Amino acid sequence: MTDYIIVGAGPAGCVLANRLSEEPSNSVLLLEAGGKDWHPYIHMPAGFAKMTKGIASWGWSTVPQKHMQDRVFWYTQAKVVGGGSSINAQIYTRGNARDYDAWEKEEGLTGWGYRDVLPYFKRAENNQRFANDFHGDQGPLGVSNPISPLPICEAYFRAGQEMGIPFNPDFNGASQEGVGYYQLTQKDARRSSASVAYLKPIRARKNLTVRTDVLVTRIVVDKGRAIGVEIVDKPGGQKTILRAEREVIVSSGAIGSPKLLMQSGIGPADHLKSVGVTPVHDLPGVGSNLQDHLDLFVIAECTGDHTYDNYAKLHRTAWAGLQYLLLKKGPVASSLFETGGFWYADPTAASPDIQFHLGLGSGIEAGVEKLNNPGVTLNSAFLRPRSRGTVRLKTGDPADHPLIDPNYWSDPYDRAMSIKGLRLAREIMRQKALAPYVLREVLPGPSLASDDELIDYACRTAKTDHHPVGTCRMGHDAMAVVTPDLRLRGIEGLRVCDASVMPRVPSSNTNAPTIMIGEKGSDIILGREPLPPAVFSGNRAA
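Throughout, the numbering used here is defined as the position within the sequence shown, counted from one, plus 227.
Since the hints were derived computationally from the structure, they do not count as laboratory data.
Any given hint could be a false lead.
Here are the computed lysine-lysine pairs in the DSS-like style, where the Cα-Cα straight-line distance is at most 30 Å [claimed, not checked]: (1) K621 - K461; (2) K263 - K466; (3) K433 - K414; (4) K647 - K293; (5) K690 - K277; (6) K427 - K450; (7) K414 - K293; (8) K263 - K690; (9) K500 - K280; (10) K450 - K500; (11) K277 - K556; (12) K690 - K621; (13) K540 - K690; (14) K621 - K263.
Treat the numbers as computed from the prediction; the structure is a model and nothing was measured.
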């Protein structure tokens, strides 16, 4: 018997394990279906490019996307200690202040406004550059500036400014809009995942047990209360029930959390019956409200050796490895997406609705394009999609893959804004400042100009930004899954604490917001007073 069972050692789960076990009288058990974060690619910043191809992931795909020519998208979701923070591109962005104020004012989530959550972002952060109203430097999570930026990055900044997009030294500070360097979840030229930052320093705590390679098949509910979980610790192994004295906390991510709840009979009853699961608690919102950022990109051929493509050659790879081992610099120390920006597709938007990522290679995640010279990629993502999708069970077998349907572009507004974002990216790449570096556009290619042609291109090539949220959202209405204090509606002793509780996707990458939810959630679970709301000079409204 343990006090708290946490299911899922992703970004939020690692934070919860750390914070809940700070009190010696609390016994905490953290369960992870994946393995330990031993793989060297995990800890080398540039290793991210290899991770999206299946290392340390579940190997899931979407259902055919009916608004995108029935395309099936590869949908990487982490299966390793640290979760997405162990395999992502390490970009540290929090979103816009208006995102969280909308959670509070429009969704009725008291205590989740920007001034309420900012202290938890700061508590998590060990920032190597900033210590001010917006940043902390005493937390566990390493946050630093890029180590080895390339000259093409500075040219990209000038290109943005030629278009009227200002340079921004801190996307998480007083203003979000502009182009600039991302801060990264790195420390000492190594990835600072939630596992490294929150678990590694406390593994000796006697009141914390971490078990990997354990598949939780269901939450055990008795008389309206979650009393534990059923697990299988090896393929074909015996099922075992582990009991929780106080609470079961589900932290398995925006896909894994609703999947586990539905496997346990918690979710839309008609759907559960249709796949052979006996309903335990009819909660229709479980698995609904799925949101994600869709990524469109421009790939250009460079005039010379301006990016990292040539490091794929064996002798260059060997040199890069030595450079990293001896100097902690060079391509291996790069996340490959170290520069970006936030701007507007919809000129009436109150805050930026497009995010750019400058990729220092020709494709990177999608695979290097075959060019005569190295290439460069500029990704664009529409940040506030109106489309909503679902996560559903394929069968009642916990080993089966879920049915993931982001339902991309079901709202025509999303498609229109995505294409505008793609056009902005093309325009940036054509600016005078980048002319010494960019030879020609390869994709979409200069022959594609109309909206219909670009839509067809996007349907063939777009990818997920790996930002799923919302499938167990906080709220007060009949479709809400958890309350603002993260309790599952209708069952005692059960909470959800991860990206799935977000009512709307933040206008940014989602790792930092998920860690914030873990930090704030730990105080809620422990019954602690929330950190005092932030007080700062100026008005963080953009």
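Results of checking the hints against the structure:
1. K621 - K461: Since the Cα atoms of K621 and K461 sit roughly 22 Å apart, the hinted pair holds (cutoff 30 Å).
2. K263 - K466: OK: K263 and K466 at ~22 Å, within 30 Å.
3. K433 - K414: Status holds; Cα separation ~27 Å.
4. K647 - K293: 21 Å, holds
5. K690 - K277: 16 Å, holds
6. K427 - K450: Not satisfied, since the Cα-Cα distance of roughly 37 Å exceeds 30 Å.
7. K414 - K293: This hinted pair is violated, its Cα atoms lying about 42 Å apart.
8. K263 - K690: Distance of about 27 Å is within 30 Å: holds.
9. K500 - K280: 34 Å, violated
10. K450 - K500: Roughly 20 Å between the alpha carbons, so the hint for K450 and K500 holds.
11. K277 - K556: 19 Å, holds
12. K690 - K621: 23 Å, holds
13. K540 - K690: Distance of about 26 Å is within 30 Å: holds.
14. K621 - K263: 28 Å, holds
When held up to the earlier numbered hints, the structure conflicts with 6, 7, 9 and fits the remainder.
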